[in-house]
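Could you build all of it, start to finish, from the sequences and the hints given here?
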Amino acid sequence: MGSLYRSEEMASCQLFLQAEAAYACVSELGELGLVQFRDLNPDVNAFQRKFVNEVRRCEEMERKLRFLEKEIRKDEIPMLDTGDNPDAPAPREMIDLEATFEKLENEMKEVNANAEALKRNYLDLTELKHILRKTQTFFDEAMSDQGMTEESIVLLGEEAVKTSGQPLRLGFVAGVILRERIPPFERMLWRACRGNVFLRQTEILTPLEDPVTGDRVHKSVFIIFFQGDQLKSRVKKICEGFRATLYPCPETQAERREMSLGVTTRIEDLNTILSQTQDHRHRVLVAAAKDIKVWFIKVRKIKAVYHTLNMLNLDVTQKCLISECWCPIRDLEKIQMALRRGTERSGGSVPSILNRMETKEQPPTYNCTNKFTKVFQDIVDSYGVAGYREVNPAPFTIVSFPFLFSLMFGDAGHGTLMLLAAIAMVVFEKRILRQKSDNEIWNMFFDGRYIILLMGAFSLYAGLMYNDIFSKSINIFGSVWHPTSGEFSAEIIKTHKDLTLDPTNDTDYRGVPYPFGMDPAWQLSLNKIKWLNSFKMKISIIFGVGQMFFGVVLSLQNHRFFKDSISIFCEFLPQVIFLTCIFGYLIVLILHKWIAIDATDAGCAPSLLIGLINMFLLNYPEEPCSSRVPPGQKGLQSFLLILIILCVPWLLVLKPYILKRRYQATQQKSSSRLGTSTEDGKSAEDAIDGAIQDDSHGQYEEELNLLEIVVHQCIHTIEYCLGCISHTASYLRLWALSLAHAELSEVLWNMVFRVALKVDGYLGVISIYILFTPWACLTIAILLLMEALSAFLHTLRLHWIEFQSKFYKGDGYLFDPFSFDKIIESRADEV
Amino acid sequence: MTVPCCGPKCSAFCAIISFWGIIMLALLGIFFYIEAPALAEDLPIDEDVWAAGNYNYTYVSDLYKQVAVNCWIATGLYGATFIFSCIMLKINLRSSYSSS
Chain A
1 MGSLYRSEEM ASCQLFLQAE AAYACVSELG ELGLVQFRDL NPDVNAFQRK FVNEVRRCEE
61 MERKLRFLEK EIRKDEIPML DTGDNPDAPA PREMIDLEAT FEKLENEMKE VNANAEALKR
121 NYLDLTELKH ILRKTQTFFD EAMSDQGMTE ESIVLLGEEA VKTSGQPLRL GFVAGVILRE
181 RIPPFERMLW RACRGNVFLR QTEILTPLED PVTGDRVHKS VFIIFFQGDQ LKSRVKKICE
241 GFRATLYPCP ETQAERREMS LGVTTRIEDL NTILSQTQDH RHRVLVAAAK DIKVWFIKVR
301 KIKAVYHTLN MLNLDVTQKC LISECWCPIR DLEKIQMALR RGTERSGGSV PSILNRMETK
361 EQPPTYNCTN KFTKVFQDIV DSYGVAGYRE VNPAPFTIVS FPFLFSLMFG DAGHGTLMLL
421 AAIAMVVFEK RILRQKSDNE IWNMFFDGRY IILLMGAFSL YAGLMYNDIF SKSINIFGSV
481 WHPTSGEFSA EIIKTHKDLT LDPTNDTDYR GVPYPFGMDP AWQLSLNKIK WLNSFKMKIS
541 IIFGVGQMFF GVVLSLQNHR FFKDSISIFC EFLPQVIFLT CIFGYLIVLI LHKWIAIDAT
601 DAGCAPSLLI GLINMFLLNY PEEPCSSRVP PGQKGLQSFL LILIILCVPW LLVLKPYILK
661 RRYQATQQKS SSRLGTSTED GKSAEDAIDG AIQDDSHGQY EEELNLLEIV VHQCIHTIEY
721 CLGCISHTAS YLRLWALSLA HAELSEVLWN MVFRVALKVD GYLGVISIYI LFTPWACLTI
781 AILLLMEALS AFLHTLRLHW IEFQSKFYKG DGYLFDPFSF DKIIESRADE V
Chain B
1 MTVPCCGPKC SAFCAIISFW GIIMLALLGI FFYIEAPALA EDLPIDEDVW AAGNYNYTYV
61 SDLYKQVAVN CWIATGLYGA TFIFSCIMLK INLRSSYSSS
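Protein chains in written order, with my numbering: chain A, 1 to 831; chain B, 1 to 100.
There could be a bad hint or two in this list.
Claimed, not checked - With beta-carbon atoms standing in for the labels, derived distance ranges:
#: 1; chain 1: B; residue 1: I87; chain 2: A; residue 2: N443; range: 30 to 36 Å
#: 2; chain 1: B; residue 1: A52; chain 2: A; residue 2: I782; range: 36 to 42 Å
#: 3; chain 1: B; residue 1: A52; chain 2: A; residue 2: M751; range: 50 to 56 Å
#: 4; chain 1: B; residue 1: S96; chain 2: A; residue 2: L763; range: 36 to 42 Å
#: 5; chain 1: A; residue 1: V294; chain 2: B; residue 2: I87; range: 39 to 45 Å
#: 6; chain 1: A; residue 1: I766; chain 2: B; residue 2: L27; range: 19 to 25 Å
#: 7; chain 1: A; residue 1: F488; chain 2: B; residue 2: L27; range: 27 to 33 Å
#: 8; chain 1: B; residue 1: S96; chain 2: A; residue 2: M357; range: 56 to 62 Å
#: 9; chain 1: B; residue 1: E47; chain 2: A; residue 2: I766; range: 21 to 27 Å
Quick caveat, the hints were computed from the structure, so don't treat them as lab data. All residues carry an ideal CB built from backbone N, CA and C; glycine is no exception.
Rendered as structure tokens:
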């Protein structure tokens, strides 16, 4: 594992791979995951690349696999995920895989088609069975009562009875139609046939399965009686239009019964065939389900290798593939070994060559992280990826992030809960990782388990310092406020509602402060918030200025590493002086106020903010406490003010001036060199040599755009100077959020749990039992989730803006190696 | 006994809250018993009764003990809830294991 302080040293390399060994070598590099290939054919269309056929074949295979997966999922067969990681198979194995998939796909398609045909048959037979059963009742009604029913008489009119007197021969059609279509069907029949046909219908009680979609639909049996051929054709056309299926129904009862028996036997046969088809399909799918995950991985690996091979260039002799890549210098050995393995595997004779190149491009930023540091590196990268070999803020974030979080979240009870939750996640992490949940929010919390662990531990400590456990204080060492009965007799206590304890009086105050954290007596005092505000604001400023100063020091490290001595002199020095003179001095004043001034001088304690403003306005009023002002303070402050004012033009002007002078010097040098050589009559070659030398030098400063530099420096100066002041004030959010958290916690206790405790007598048991759960749930929801997220966000902002703006350029790009693990992980999320 | 009355998530939640309740209420009971002044504002003090007793301390002391006992009984109740929810969890796990 490398150091996290700066990103790894990267080298740009050229890879020469023998054509036969190329596939194996690239797949070995994919397993290793340490090489980022550069696309050497960016202008080439995807369809014109060398290995486009292979990629197409891979996509075909993926399609077949996806089809199989869909079928497996439809049958709800569990797919085995052994966590196996098979190597990318050799190209000749690809043909075998293709054949297997082809066979499976064809089998599945055949089985599905057969099943569909069988189901359609089954449906027809079932409908016929229903028709035969139901029409029995129709015919009974129609043929009873000497063959005529009331309705048919009315339908056909009086003439029919008069003319024949015997049962009329009615034609009929029987069929099945969707239940929803019956009312419009009836209406259409009535209108088209002018009421001369007679429809009877009855519902089929069991829903039937539609063979195409597999839905269950409700249908009804109908029978239409009519007379004559014209009506018959009309009725048939209407039935066709409404997609009713007509079945031939025999007229006599004996025939119908025979048909019914035949249909029943055929239905049973079909049932057995259908279930056998389903079993066969199930068996095929179960066999496929065992291997399908492994196949997916294999196909994806092959496709990835061919994609990468497409990025390589074919050299002149057509025997060898060339590629350019970025790789960390530290791991060159491993890469060489991987290449050797690949060449051996493919049986090639010529070893692959890795050749380092010099390049002017900015290399990618590669930070080696483990599971603990990964989350902190991600936090930094979310804002901007560090430039190549810039100082990486991540290792400092490991401590400063939970620390600043804890300043805002300081409650030992909530910290304990957070710590326990994080410990649970960390202890069971292997089990949870294996389960691979889909829930985004849970994954977010789980990925951040180490940062939550640290935040909880730090908050526990901060809570003990603030002496705040679920809004109650804990008295471990004995409070130092102990009003004696001499000062506060029983009479005084009984008659006064509020009493003041005087810290200058040793009957009230023991004289030495509480050894660890806040004295527990403050929890019961009325001016607790005022006291804590003053304290928390001051420590916020101290920590804030400390972090910003540290940021400026890191910029010095960057300047020294990149050998940028101008910046050290023209940027770092004025920045440090500016920051120290204003806010370093403020911290000195804070410490002085804390140490040198005690309660006896409380009336004359110097105001820090007013004092700072007066320093800038050179305003030293004659107030009653002016005798308290330490001698020489006025002189010191004036001196600091002069320094501060000097820093601004120093920061603004000096760097562009120096750069301009340098550029002019090199211009003069190169022009004078040319001038002297032609004058002296030296050979033209010398002159050209000199010019070339200076050219390569002057390439850096050739296009010195003075305006751009001046504007850039102007922006930098204003940003820094104004930023110092505004960022320092911004650190006061450490105080603000801590106050909000403490107040929320107190309000929750007072409004919810105190109500339970204040119930007198044994009824209190019920109230405590009932009200504890909502208090606990609200604590988790409001204080642990909402407040923690809020504090997290503010800490993030403090790091990204206030801390990193002092030194971080963040103009790099991430190292994106060709790695099978990454590809499979990302695809696993998709699929 | 074989049919759980809460699902797996509900019983897990009840188990965690009950466990928290046991620890916290037990500690709270102890703190009330030792008459911690931090908890003075949470006592069910009746101003008139206290004034009638001439603001003597025994009234407050008795109240402290009373609330402590209340907290401990509530601890016991949460203990019972914890056992109940653990049993529910076990039933849920068993039924899901047997069905899968």
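Worksheet item: Using the C-beta atoms of A52(B) and M751(A), is the stated range 50 to 56 Å upheld?
Response: violated (29 Å)
Item to complete: Kindly confirm whether 56 to 62 Å is satisfied by the beta carbon distance between S96(B) and M357(A).
Response: holds (59 Å)
Item to complete: Given the range 36 to 42 Å, decide if the beta-carbon distance of A52(B) to I782(A) lies inside it.
Response: Given about 40 Å between the Cβ atoms, the range holds.
Fill in: Distance restraint evaluation - I766(A), L27(B), Cβ atoms, bounds 19 to 25 Å
Since I766(A) and L27(B) have Cβ atoms about 20 Å apart, the given range 19 to 25 Å holds.
Discussion item. Can you tell me whether the CB distance of S96(B) to L763(A) sits inside 36 to 42 Å?
Written reply: Holds, since S96(B) and L763(A) (Cβ atoms, about 40 Å apart) stay within the stated range.
Worksheet entry | Pairwise beta carbon distance, F488(A) to L27(B), judged against the given window 27 to 33 Å | The hinted range 27 to 33 Å holds for F488(A) and L27(B), with Cβ atoms some 31 Å apart.
Worksheet item: Do the Cβ positions of E47(B) and I766(A) conform to the proposed distance bound of 21 to 27 Å?
Response: For E47(B) and I766(A) the Cβ distance comes to about 24 Å; the hint holds.
Discussion item. Please check whether V294(A) and I87(B) have a Cβ separation lying inside 39 to 45 Å.
Written reply: holds (41 Å)
Fill in: Status of the given 30 to 36 Å range, CB of N443(A) versus CB of I87(B)
The hinted range 30 to 36 Å holds for I87(B) and N443(A), with Cβ atoms some 31 Å apart.
Of the hints listed earlier, the one the structure fails to meet is number 3.
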